[in-house]
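S.K.: So the chains spell out like this:
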Amino acid sequence: MADHDHTEPPSDTALRVKALESLLLEKGLVEADTLDALIQLYEHNIGPQNGAKVVARAWSDPDYKARLLADATPAIAELGFGGVQGEDMVVVENTSEVHNLLVCTLCSCYPWPVLGLPPVWYKAAPYRARAVSEPRAVLKEFGVEIRDDVEVRVWDSTAELRYMVLPERPAGTEGLGEDELAALVNRDSVIGVALVEGA
Amino acid sequence: MDGIHDLGGMHGLGPVNPESDEPVFHAEWERRMFAVLMATFASGIYNVDEFRHATENMAPADYLTTSYYEHWLHSLEQVMIEKGQFDRAELEAAWSNVTAGEAA
Amino acid sequence: MNGIHDMGGMHGFGPINPEIDEPVFHADWERRMFALWTAAFAAGMYNDNEFRFAVESRPPADYLNDSYYEHWLICMEQVLINKGQFERADLEAIWANAGNAASAGNAASAGAPSVEGAKQALPADQVIPVFMTGASARVDADVAPKFKAGDAIIARNLNPAGHTRLPRYLRGKHGTIEKDHGVFGYPDTMAHGDDETPQHVYCVRFSAREVWGESAPSRDSFYVDMWDDYLDPA
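Protein chains in written order, with the working numbering: chain C, 572 to 770; chain F, 281 to 384; chain D, 11 to 244.
Chain C on its own, in the form it takes in the complex (with noise of 0.2 Å):
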């Protein structure tokens, strides 16, 4: 057998992804269709919809915000989201004292049952430097300015524990259902690099 020359990669990544998927499928490691359902669970059905009705639901029900920061995993299935990436929730809540912030320093550590998959930004270079050595520098870049008499907690995701920001109630909702709530809810609210803006 002739010695032949290390082979190198396609240099186009989709090729190369297609090669992986095909030798993992040749040898029944992964099945098609699991593949696809995969697909559908994170890029469709999970995603920061869920994270709002957690908030919504906490700003319209005392009982189930205590619950909530109590032990937040529990509370958060009541409304039937939890599993991979959430399996031990902490909930930690803005308050007119305290702006929470998340990151992962370290890799890219995030609650995907509340928020489905991280932004691009999120797992980036600048922002896993920066959140913990300039928070407020960072939160400005967003829009968010926080008073210097409002302590700034960084929460950074070393362990398994997974975190969510439970934003303040903007003013001059107190007539909406929660269903109206959610909608004013975004994703980058519960990371804590955005405020919840009035309807």
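Simulated from the structure, these hints should not be mistaken for lab results. Quick caveat, the model's predicted, so the values are computed rather than measured. For every residue, glycine included, the Cβ atom is placed at its ideal position computed from N, Cα and C. Be aware that a few hints might be false.
Covered, in the sense of this in silico footprint (three residues per stretch, anywhere, with C-beta under 8 Å from a C-beta of chain D), are these stretches of chain C [what the hints assert, rightly or not]:
(1) 591-605
(2) 612-623
(3) 631-640
(4) 706-714
(5) 743-753
Go by the hints and put chains F and D onto chain C.
M.R.: Relative to the frame of chain C, chains F and D by itself:
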């Protein structure tokens, strides 16, 4: 600054790979770069700290993937612009001229 | 390891540049890559700790230059080869034909899952049950905690060559135990095929000034989860 240059203790950078009988310069452009840097430094246009800081401010991926004298090139351009010795437009014109000259 | 991935506090990376209305996936290959990685993970082919270590171990320039899902692609190939799921030659055979549209069926050892303990592919009807349940990293072990809420601690100055979740910016810093989360597996051993070494994980509070010095805002703080083995009493 806690820049990429602050490599003390970092893992993952691989073996040292010293070159046997390494020449002082690996290419003519390195020789020219060295000379230009030394001449401008000696004339006091910038100090060594300003120069080092320009290198430290390189984008980290660029810092890791470019060579030593490429760092000098980047930093000298940077520092000369900062000191008002020329502006970016003049530098770009020089690039165009050199490229045209090469093609001619 | 003191790798490039350990970026907390690093300068020089520029603005954050969030993309407005960013799609979940930017290309079809990213979508496929996510699915492949997740399916293989669910089938138990690797754990989070060892995969993270593979990504951390990429050459620093590549780590910075390649995109997130490219890290997954390149490391997944490597981890699966290391685990004996296939050989590099199997991949190369497909790469050599990569210009062809449908390149399945060219692997040298077609059809036979190799492996130290054949892994069962996750069936499609198990996706929802498995992923909506997940698998907590908690370990049901009767291990005594070394600390309790309110204790003053110092984060150890550990610099292992292997995987750790103790970031450099916190090593040697003084903090306070906020809460005991309970017993979990220890990534520093689990990433390397070793024992779970179950131990308590705590939420630890550090003041910003303790971490960054007097220039940091006086009120600000960090809350970081740390294992018993990362901590000494102050």
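S.K.: All hints are to be evaluated individually against the structure, with a verdict given for each.
M.R.: Here is what the structure says about each hint:
no.: 1; hint: 591-605; verdict: holds (count 14)
no.: 2; hint: 612-623; verdict: holds (count 4)
no.: 3; hint: 631-640; verdict: violated (count 0)
no.: 4; hint: 706-714; verdict: holds (count 5)
no.: 5; hint: 743-753; verdict: violated (count 0)
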